[in-house]
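Visitor: Given chain F's structure and the hints, the job is docking chains S and R onto it.
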Amino acid sequence: MSFTEILFYVFSAVLVVSALGVITARNPVYSALWLVFAFFNSAIIWMLLEAEFLAIILILVYVGAVMVLFLFVVMMLDIKVEELRAGFTRYAWLGLPIALLVIGEIGSVVWVKSQDDKALGLSSVASPAAYAADYSNTKALGQLLYTEYLYPLQLAASILLIAIVAAIVLTMRKRSGQKVQDIGAQISVKAKDRVRIVKVAAVQPETGNTVEGQS
Amino acid sequence: MENTLLVIVLAPLIAAILAGIFGRFIGRAGAHTVTILGVATACVLSILTLKQLVTGEAQNYYGNLYTWLVSDGVQMNVGFMVDRLTAMMMVVVTFVSLCVHVYTIGYMADDPGYQRFFSYISLFTFSMLMLVMSNNFMQLFFGWEAVGVVSYLLIGFWYTRPTAIFANLKAFLVNRVGDFGFVLGIAAVLYYTGSLDYREVFAAAHHAFAGKTMEIIPGYAWDAITVTCLLLFVGAMGKSAQMPLHVWLPDSMEGPTPISALIHAATMVTAGIFMVARMSPLFEMSETALNTVLIIGSCTAFFMGLLGLVNNDIKRVVAYSTLSQLGYMTVALGVSAYAGAVFHLMTHAFFKALLFLAAGSVIIGMHHEQDMRKMGNLRKYMPITYWTCLIGSLALIGFPGTSGFFSKDALIEAVSESHLPAARFAYYCVLSGVFITAFYSFRLVFMTFHGKERFDTSEAAHAHDSHAVADKHDDHTHGHDDHSHDDHAHDDHGHHGGVPHESPWVVTLPLVLLAIPSLFIGWFTIGPMLFGDYFGSAIVVEESHNVLGELAHEFHGSAGFVEHGITQLPFFLAMGGVFFAWLFYVKLTDVPGKIASAFSPLYKLFENKYFFDDVYFAVFAKGSRNLGQALWKVGDSIFIDGLLVNGSARAVGWFASVIRGIQTGRLYSYAFTMIIGLAVTLGWFVLHWLR
Amino acid sequence: MSANLNFVVAYPEIFVLTAACVILLVDLFVSDRQRIVTFLLTMVSLLAAAFITVQYGVAERVITFHGTYVADPMGTVLKLSTYGATALSLLYSREYLQRRGLFKGEYFVLALFAMLGVMVMISAASLLTIYLGVELLSLSLYGLVAFDRDNGIAAESAMKYFVLGAIASGMLLYGMSMIYGVTGTLELSQIANRIPGIGLNSLGLAFGLAFLVVGVAFKFGAVPFHMWVPDVYHGAPTAVTLFVGSAPKIASFALAMRLLVDGLGGAVEQWRPMLVVLAVLSMAIGNVVAIAQTNIKRMLAYSTISHVGFILLGVLAGTVQGYQAAMFYTLTYVLTAVGSFGVILLLSRQGFESDALDDFKGLAKKSPWFASVMAMLIFSTAGVPPFVGFTAKLAVIQAIIGIGYTWLAGVAVFFSVIGAYYYIRVVKLMYFDAPVDNGPIQAGVALRTVLSANGLAVLALGLLPGLLLDLCARVIS
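Protein chains in written order, with our numbering: chain F, 2 to 216; chain S, 2 to 692; chain R, 12 to 488.
Since the hints were derived computationally from the structure, they do not count as laboratory data.
The model shown is predicted, which means the values in this text are computed figures rather than measured ones.
We put the beta carbon where it would ideally sit given N, CA and C, even for glycine.
Keep in mind that a hint or two might mislead.
[To be verified] Estimated spans, in silico, between C-beta atoms of each pair: (1) F/Ala168 <-> R/Ile435: 41 to 47 Å; (2) R/Gly450 <-> F/Tyr147: 55 to 61 Å; (3) F/Val181 <-> R/Asp161: 17 to 23 Å; (4) S/Val8 <-> R/Asn17: 26 to 32 Å; (5) R/Asp161 <-> F/Ala52: 44 to 50 Å; (6) F/Val181 <-> R/Val48: 23 to 29 Å; (7) F/Ala134 <-> R/Asn17: 34 to 40 Å; (8) R/Leu51 <-> F/Ile107: 23 to 29 Å; (9) R/Asn17 <-> F/Val181: 47 to 53 Å; (10) R/Ile435 <-> S/Gly195: 34 to 40 Å; (11) S/Glu146 <-> R/Val19: 49 to 55 Å; (12) R/Ser463 <-> S/Ile27: 19 to 25 Å; (13) R/Gly450 <-> F/Leu21: 54 to 60 Å; (14) F/Ala52 <-> R/Ser463: 56 to 62 Å.
[Stated by the list, open to error] Taking lysine-lysine pairs in the BS3-like style, the calculated list, with each CA pair at most 30 Å apart, reads: (15) S/Lys588 <-> S/Lys375; (16) R/Lys439 <-> R/Lys372; (17) S/Lys634 <-> R/Lys439; (18) R/Lys439 <-> R/Lys376; (19) S/Lys595 <-> S/Lys610; (20) F/Lys180 <-> R/Lys115.
[To be verified] Sample of chain R residues with no beta-carbon within 10 Å of chain F, all distances over it, derived: (21) Ser188; (22) Gly415; (23) Leu470; (24) Leu475.
Bound conformation, chain F alone:
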């Protein structure tokens, strides 16, 4: 077992534990933080696979942007933790056996693999050779994305576009009676619309100090 493999197993173990933490933590904020931790570990595993760009992007995008947003949302919403928990134990008797069954099934595959490496079929594909030290992952990715994966890239862009459109359609609303700024109206306003200069006749001093009383 090489050093890299040891590292892989350590980080994988931490990743599994943190993933368990996401779904078992009582407080949603903790869950989100466990998830951040899980992302970090995934990034490291990617690093082990010589995929530096993906690793960094994962941290930048998911940890830096998505999870922060997520934490804001979780913190701002008033979630009653106890209500969420209630179903968890109530249906555990039903969910647990199924979970165990799936784990057993996947486990059996792993077990069989350890008996006979050929069975999983992984050995039929040769492991890729390590790249030279000056190999740029980012450059390779960029080259691939805009040549070989041009079509999927465009599709992914379309998916993002439609996600934006759908999100806006479902949330943008114009309620009547709502007090919002109409920036266009504010900017296009002219001085003469707002300021009216009224000529007021000069008040004669002999009437006395009765302005308040008249109004």
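Guide: Below, chains S and R without anything else, positioned relative to chain F:
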């Protein structure tokens, strides 16, 4: 060629759709214009096609246009096979149909179902063309059933009359019997040859049927080809009204007269004859089948002719004569003189359509009176109808030189040449048939057009259809009934009285048009059709049955045939028939009554049409009703309704409500179901793989 | 791997994407009252897309974009049908949307993107493109289902659809990663080449396959992955239900064809038993539970599930004949389903959905013609000759008898008979019951005409199935 054929078929169909669905928009004139245009197009193109085929400009057409479906390797196509046999049928069908279309303008002039009628007869033309032009059994069957449906609709055209409804139901049911046999026959063909295509079937027939037997009743092996041919012939018996499946045809006269002419005389009823001629390669392989055909044909020809002697309804007399003539054609089929049968079919189509239309003209003239006892001396009032009817009758009895003479004489000679065991019986039947035919035909002519005027002229009023003939009223010399049309809007078909008058030109024109071929067509066509090679490969005859081939040695042109004909027995028999008809119905008018009372049991037998109807009612109609009643009470109410239907419905309903409970509407239970599904799927794989 | 980028064969996708973006922009400058412009523009785009698809249709299979895109005659026909289904559903929906204040430009943009997703799936040549197509379609559909956002039921069903769809996508992706791990390629044609080398006994392959089949089954809505179907059909606005029931069904068929046949055709012995179970369960649950429904949209949802069983039967046959039958079934089913929902839309009015079975009572008295159109559609769905549904069922059953699964054919027929009960109940309600609702039909001429044509097409195709059967036979061989 293909496009021409498509136009021929589709023109009447499109016209039928236009007149039927959009009849209300295009109006009466629109309906008859569009249908007549459609049929006229088909007719002209058919004639062109025939001409091309005869002169050799075009080859026989054979092709599939559309594959309707393929089931287990069996192709069901829509396709055409046009050889000279088909082309001749096409011309006959479209020409008679065209005449009938024109005639209908006058006959149905003030019927409320005017557009519907035109739509139906155009639809009929389409169906009949599909039938004759087909290149496979499936399309043949389609056409076969389609003409049946239209016939059903037209017999019951006046659907408010109970008798019409009864008649169309009867026609429908009796035809079912025939069609059942026909379908079984097609199935047998398919079973043995593996194809529905004419060309393939005929090519494979010799090999496929040779020596094959089938056991329908265990222990009795029957020749496969005989059974197949007999089953097909059962179909022909139904459609062409051969004994004992003839009972529907006389009743079908409940329909309007134009369709009696078109469908129940000239075209549809001859479909059976056409079909057997088309199947000649099959029928030639079984002498048993040919003998059966021969016997059934002879019985029909003889016994149905006899019934014509006693009937007084002008249309029914013509109907029985149609039955008898169909019998003649069947006899010709039986002796393998297929060309003779088809030749007689053609001439018969012209003169029988003519007779029916003339009868219709008389019926119009008599204000819907059909009883010949109430007519007489109509010659004076309806000269065109009289002369054309006379021509038709002369053709029917086979007066030398007319078209009927050539076909019928040739047919009788063919029977006399045949060596089949049943040929002698058939020969006597057809010979005596000649006398009978002549007798009843001229009985009709004399009773209707000669003798005393037996109609009641004292009454000024008459039936509504005076509107139909309004344009002829100007020629009316009998001033004593000055019609005021407004008074006669009432719909009284049974009404009689008034003075007969000649029909309008739209009625008489078709009569004249049909009279021409009735007189002359035999003269020109007998040579090539009967003794030449007109039909080519369309009709196949074994050398040992080739009666027409033997006759051909003695044939020396049409004139020679006429010369030969007037020295033969059939001519004298026919003349004898005419003489006796003249004697009994012009000279000694009280004799028929005396004869009737003298032979009263026989007369009763004729009156009741050999009791066929009564037996059918007692046995089949009553029997099946009782059976149905019993099955309904025991099988349906108790077993099926009670146990199976309601029981299973309740079980399913219970099951449904249980499963419905699973659809809780809760998201996690849905997700959970999916996970279970996944787990089970995975588990199945793991188990499968570990084993 | 074809190195060159052949843009020509992808013109339809490029055009639809461009058109959708253009419509999105144009819609910004159109006032609410002129919203019809967006609608017409969408229709014109569909027509133009059809023209382009025919114009640049290929006669042979062409793979391009480095093995991510495939163009073949089957794809051309499926795409054309997709345009047709989309056009029909938008046409039927127009008035319904207008009456409910849902007639917005984004509706058409979402629909066009959903259609683009369908097209991508139809033309997918690699696992990656399949997945992207699935996501594009799904996201657009989630948006459409929730489109009537003030409607609680719609929002709820959209939420369910979204969560369940996410789970299914996860499974699909997991299965794809397994397959990728085993074969080392994303390209379907390469996967097909490498399967014999790996051997069918590879458990990794089997595992991946299991997950993939689950994903496909979810997209189809096959039991037990069908739970979303009734809720979404019921909850979504009828116009959206109509859309969900039309083009995406073609996508599901394409998904199955690309993934299971093009890619994993060599492992047919492995996935056939799974599909048998799915098909039998779908036909059983779909037909039986439909009986207990009182809402016609829900009933049609269960009916869809049972029809999915039939489509799966055709696919599981694993023969060319079976694929042809499945394709014929899919196309004709979509035509019939679109018509059935169209009738519901036709009868709906302001504030009246006409989606309860009782709303169909006495329709024959109110509108004999549309009652007969509905009857034709219903009879076709039930598989009564001479309507096209019969031919489709017949073709599928022939296909499975062809591989010797006669018992399965028996099961299919048995459940069809059960299904006939609830279909014909609709006819009974229309013709023999007294009307409950007496409101007039408000639909316009366009809807009436097209819907009538749709009903007659079901009859015409049933009488002359040869044209479409021939087409299916020509493009799958």
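Visitor: Now look at each hint and say whether the structure bears it out.
Guide: Against the structure, the hints:
1. F/Ala168 <-> R/Ile435: 41 to 47 Å: 44 Å, holds
2. R/Gly450 <-> F/Tyr147: 55 to 61 Å: Distance hint for R/Gly450, F/Tyr147 holds at roughly 58 Å.
3. F/Val181 <-> R/Asp161: 17 to 23 Å: 19 Å, holds
4. S/Val8 <-> R/Asn17: 26 to 32 Å: 45 Å, violated
5. R/Asp161 <-> F/Ala52: 44 to 50 Å: 46 Å, holds
6. F/Val181 <-> R/Val48: 23 to 29 Å: 28 Å, holds
7. F/Ala134 <-> R/Asn17: 34 to 40 Å: At 38 Å between Cβs, range holds.
8. R/Leu51 <-> F/Ile107: 23 to 29 Å: This hint is violated: roughly 53 Å between Cβ atoms.
9. R/Asn17 <-> F/Val181: 47 to 53 Å: 50 Å, holds
10. R/Ile435 <-> S/Gly195: 34 to 40 Å: Since R/Ile435 and S/Gly195 have Cβ atoms about 38 Å apart, the given range 34 to 40 Å holds.
11. S/Glu146 <-> R/Val19: 49 to 55 Å: For S/Glu146 and R/Val19 the Cβ distance comes to about 51 Å; the hint holds.
12. R/Ser463 <-> S/Ile27: 19 to 25 Å: 21 Å, holds
13. R/Gly450 <-> F/Leu21: 54 to 60 Å: 58 Å, holds
14. F/Ala52 <-> R/Ser463: 56 to 62 Å: Holds, since F/Ala52 and R/Ser463 (Cβ atoms, about 59 Å apart) stay within the stated range.
15. S/Lys588 <-> S/Lys375: 17 Å, holds
16. R/Lys439 <-> R/Lys372: 8 Å, holds
17. S/Lys634 <-> R/Lys439: This hinted pair holds, its Cα atoms lying about 25 Å apart.
18. R/Lys439 <-> R/Lys376: 13 Å, holds
19. S/Lys595 <-> S/Lys610: 20 Å, holds
20. F/Lys180 <-> R/Lys115: The hint holds at about 24 Å.
21. Ser188: 12 Å, holds
22. Gly415: 30 Å, holds
23. Leu470: 38 Å, holds
24. Leu475: 39 Å, holds
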